[in-house]
Amino acid sequence: MARASTSAPAGPERTQARAGGISPRASARRARPGRLRRISLPYLLLLPALLFELLVHLVPMVVGVFISFKALTQLYLAQWEHAPWAGLGNYRTVADFNGPIGQALLHSFVVTCAFTAIAIGLSWLFGCAAAILAQDRFRGRGVLRAIFLTPYALPAYTSVITWAFMFQYNNGLVNQVLHNELGITSRPTFWLLGDNSFIALVTVSVWRNWPFAFLVIMAGLQSIPRELYEAAAIDGAGIWQQIRHITMPGLRPVNQVLVLVLFLWTFNDFTTPFVLFGNAAPQNADVISLHIYNASFLTWNFGEGSAMSVLLLLFLLVVSGGYLLVTSRRRDA
Amino acid sequence: MGLTEGTVRATQYGDSSYEFQVYGANSEPKKPETRGVRRVRRPSPIAIFALAAALAITVVGCSSSSSHGTSAGSGSGSGATITYWASDQGSSIADDYTVLNPELAKFTKQTGIKVKLEVIGWPDLLNRVLAATTTGQAPDVVNIGNTWSASLQATGALLPWSAQNFSAIGGENKFVTSALGSTGAAGKPPAAVPLYSVAYALYYNKAMFQQAGIAGPPATWADLIADGKKLTHGGQYGLAIEGGSIPENIHHAFIFGQQHGCSFFSSSGAPTFTQPGCVQGVQQFVNLMGSDKIVNPGDAEYDQNQSLSDFASGKAAMLMWQAAGANLKAHGMSSSQYGVAPVPVQSGVPGQGTSVDSMVAGINIAIFKNTHNLAAAEKFVQFMTSPAEQMILCKEYGSIPPVSAAQQDPAFATPELSVLRNVLATSAVAMPQVSGESQFETLVGTAVKNLFADAVNGPVSAQTVEQQLASAQSQMSG
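For the record, the sequence lines run as chains A and B.
For any residue, its number in the working numbering is found by taking its place in the first sequence, counting from 1, and adding 315.
For any residue, its number in the working numbering is found by taking its place in the second sequence, counting from 1, and adding 88.
Isolated chain A, as found in the complex (with noise of 0.2 Å):
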């Protein structure tokens, strides 16, 4: 596009001055404007988006960066520029996980990297077998497709607090299903407190987050060509061996950007704790996103708050870097 901006007129200018007999030195002068509005308009128009990015990402993370270097508490709330400097103070804290402020916040971490793990594996897992299964032609696929993407298209909010009416101990339909009527649990369960919370936050995550994995794969199998299985069908191959020798290796390329979406997804989730368990999360299902909340906005240092989050925004920095370049080393090779 570039490109095209600065070459095309020039022919056409230079014509006219020669014909005209006008000097170059004019026709320069008169072509630098209508030139550099060319050059100029594409910023131009892209400067609103600009304007917009810094605004609405880039302004609050250096403030964000910029906060957890001050001891912002509620003293300072009112001129919070004015807060302290605590140097790398905040930090300290966060980190020392000797600390009661560090140890909560590693237990929280190591609660968040287990969900992850597990709320990605069975989402992927989920996704891969629905979109196997329904990628051959059958009939009602259409409408399975569309029931299964339904999770996927409900508001997060809504389709949350559905689940926490859900997991009720007293009126709740799970217990309702599980303990009244199939008699599988000796009594009631409760999936809100305690142990069986992490349970029941990964199986909302898994249930909001499957239609997605089940949508991307279903969309990279459509590149795998059909000759490749039948093929693999005449030369004796069975459905385990096409999926591990065709299959998955044509989804590779779509399965790494998948799992990358998913572990940002799922590691930075906030509606689906918060809605479940409120401001106060079981200590099993205390994610780190509710947990630099609290640390934030509930005791009102939003110091350490920013430090926590900017620990975060490092991890997750190197950690998508990381995958990306392996990712792509192994693509190269």
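Check before you lean on any hint, since a few could be wrong.
To be verified - Restricting the straight-line Cα-Cα distance to at most 25 Å, the calculated cross-link-like pairs of lysine to any residue (SDA-like) are:
| no. | chain 1 | residue 1 | chain 2 | residue 2 |
| --- | --- | --- | --- | --- |
| 1 | B | LYS403 | A | ARG502 |
| 2 | B | LYS457 | A | VAL492 |
| 3 | B | LYS403 | A | ALA471 |
| 4 | B | LYS457 | A | SER611 |
| 5 | B | LYS276 | A | ALA398 |
| 6 | B | LYS381 | A | SER501 |
| 7 | B | LYS276 | A | LEU390 |
| 8 | B | LYS403 | A | GLN483 |
| 9 | B | LYS417 | A | HIS494 |
| 10 | B | LYS317 | A | THR504 |
| 11 | B | LYS197 | B | ALA219 |
| 12 | B | LYS381 | A | ARG502 |
| 13 | B | LYS403 | A | VAL492 |
| 14 | B | LYS381 | A | HIS494 |
| 15 | B | LYS276 | B | SER355 |
| 16 | B | LYS403 | A | LEU493 |
| 17 | B | LYS457 | B | GLY200 |
| 18 | B | LYS417 | B | ILE181 |
| 19 | B | LYS317 | A | ASN485 |
| 20 | B | LYS318 | A | ARG502 |
| 21 | B | LYS457 | A | ASN485 |
| 22 | B | LYS381 | A | SER611 |
| 23 | B | LYS381 | A | ASN485 |
| 24 | B | LYS457 | A | TRP395 |
| 25 | B | LYS276 | A | HIS397 |
| 26 | B | LYS381 | A | THR504 |
| 27 | B | LYS276 | B | GLN252 |
Hint data in this document are derived by calculation from the structure and do not stem from the laboratory.
Starting from the known structure of chain A, fit chain B onto it as the hints suggest.
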């Protein structure tokens, strides 16, 4: 579904560089050949319009906050417009608008000052106040939970009620002394003034008590547990508790702790959550479920006033709540169906010291220090705390007026309000008025919530309670 597949496929195959190549190959080189010099040099009207529109949106977006900030008006009283954030005091936010709008219209008629009202639910109110404090985009007048007063006072965002400011609303003496105890740290000008007062009381279902052969409400904890056990059978429980609610938990932890001689803060303001009295108080509270078994284990999850509806629907025979009358009425329970008594105390006779049976609960009204309409805001606070308005509003909300002249009205001599008024006057104490109060509420309230999660499985030991309180305290200290 075909459309969805196609869209995704296109995204998968065509990353941005692919799309760019298509555009660059087909569209760009044609320009010099098909368009004249003049047309090429001049950006198309559509491009100019798009650019202008985009810039306009950007500028509007960037400047919206500043226009909001200057909307406050001149601050000359009459003719000014002030913004008021009210807390949710009715059965719903819509109900609050119904109650408040006619009163605000009356104020506008009297003074010429317009009031922009926004009713904010309790889960959001503190965060909204914090955001307003940080950004300076604050309302002129705001309702706050009276227990937040000292914490918000420490932020420096609220107008200190000096003698001069008090004189603008009719003087400090018009308020009941106990209510003024929850308006900020001792020795400093209050950060807010009392608006509505409430206290905890024990609500009991008369019919259930009669069926169980219990003559009257329990006065001691031993009575409460004995009565609770008689009332617990089938799907019915003796007592309903809001075990997942941080505010309810912290209030009960404070009251039960007081009865064991606990002080959650030292005289210097340092947290002392693990004092034996505090541990005993919290343990006694959570073991109403854990070992006494008079509370439904499912109550450990409650944080949306489900205990109130359980009491109203006859699933529980007793409830400890602040001025529940209006809410019970909204749930279809008439005042003749329940009795009201002071919350039990160890001795059986409520009073001060270890016989405290409530915190001084209530709502305060505050002015943001950065208001451009101080005169108008003070007139509004004067109006809201005038005896006439206090009688109207407190009757609607089922609360006690903290203004002496209004409190004496016969309308507040109903059986329920008489008990609450007496509790406030004789056996209620203010929550700690220290700057770390809001953190204390959050951390200890959460600790009690975690302990209820243990109590669903059986008795909770003193050691477990101490560990939870120690964890909360360490986060305060940090």
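Hint-by-hint comparison with the structure:
Taken as a hint, the B/LYS403 and A/ARG502 pair is honoured in the structure, with Cα atoms around 20 Å apart against an allowance of 25 Å. With a C-alpha separation of about 56 Å, the suggested pair B/LYS457 and A/VAL492 falls outside the 25 Å cut-off, and the hint is violated. For the proposed pair B/LYS403 and A/ALA471, the alpha carbon gap of about 32 Å is over 25 Å, so the pair is violated. For the hint pairing B/LYS457 with A/SER611, the CA-to-CA distance comes to about 24 Å; that is within 25 Å, so the pair holds.
About 22 Å separates the Cα atoms of B/LYS276 and A/ALA398, which keeps this hinted pair within 25 Å; it holds. Our distance criterion of 25 Å between C-alpha atoms is met by B/LYS381 and A/SER501, whose separation comes to about 19 Å. For the proposed pair B/LYS276 and A/LEU390, the alpha carbon gap of about 15 Å is at most 25 Å, so the pair holds. With a CA separation close to 16 Å, the supplied pair B/LYS403 and A/GLN483 stays within the 25 Å bound.
Restraint check: the Cα-Cα separation between B/LYS417 and A/HIS494 comes to about 34 Å, which exceeds 25 Å; the hinted pair is violated. For the hint linking B/LYS317 to A/THR504, the alpha-carbon distance of about 24 Å falls within 25 Å, and the restraint holds. Annotation: proposed proximity of B/LYS197 to B/ALA219 is violated, straight-line Cα distance about 32 Å (limit 25 Å). Taking the CA atoms of B/LYS381 and A/ARG502, the gap is near 16 Å; set against the 25 Å cutoff, the hint holds.
The suggested pairing of B/LYS403 with A/VAL492 holds, with an alpha-carbon distance near 22 Å, which does not exceed 25 Å. Simply put, B/LYS381 and A/HIS494 have alpha-carbon atoms about 21 Å apart, close enough for the 25 Å limit, and the pair holds. Pair hint B/LYS276 plus B/SER355 holds up; C-alpha atoms about 16 Å apart against a cutoff of 25 Å. For the proposed pair B/LYS403 and A/LEU493, the alpha carbon gap of about 23 Å is at most 25 Å, so the pair holds.
For the hint pairing B/LYS457 with B/GLY200, the CA-to-CA distance comes to about 22 Å; that is within 25 Å, so the pair holds. Note on B/LYS417 and B/ILE181: the hinted pairing holds, with a Cα-Cα distance of about 16 Å set against a maximum of 25 Å. Between B/LYS317 and A/ASN485, the direct Cα distance comes to roughly 20 Å. Compliance with the 25 Å bound is thereby established for this hinted pair. As the CA atoms of B/LYS318 and A/ARG502 are separated by approximately 23 Å, the hinted pair is consistent with the 25 Å bound.
The hinted pair formed by B/LYS457 and A/ASN485 fails the criterion: a straight-line CA distance of about 47 Å is larger than 25 Å. About 37 Å separates the Cα atoms of B/LYS381 and A/SER611, which puts this hinted pair outside 25 Å; it is violated. Between B/LYS381 and A/ASN485, the direct Cα distance comes to roughly 16 Å. Compliance with the 25 Å bound is thereby established for this hinted pair. The straight-line distance between the Cα atoms of B/LYS457 and A/TRP395 is roughly 16 Å, inside the 25 Å bound, and the hint therefore holds.
About 23 Å separates the Cα atoms of B/LYS276 and A/HIS397, which keeps this hinted pair within 25 Å; it holds. Among the hinted pairs, B/LYS381 with A/THR504 is consistent with the structure: their alpha-carbon atoms are about 17 Å apart, no more than 25 Å. Note on B/LYS276 and B/GLN252: the hinted pairing holds, with a Cα-Cα distance of about 14 Å set against a maximum of 25 Å.
Of the numbered hints given earlier, the model fails hints 2, 3, 9, 11, 21 and 22; all others are met.
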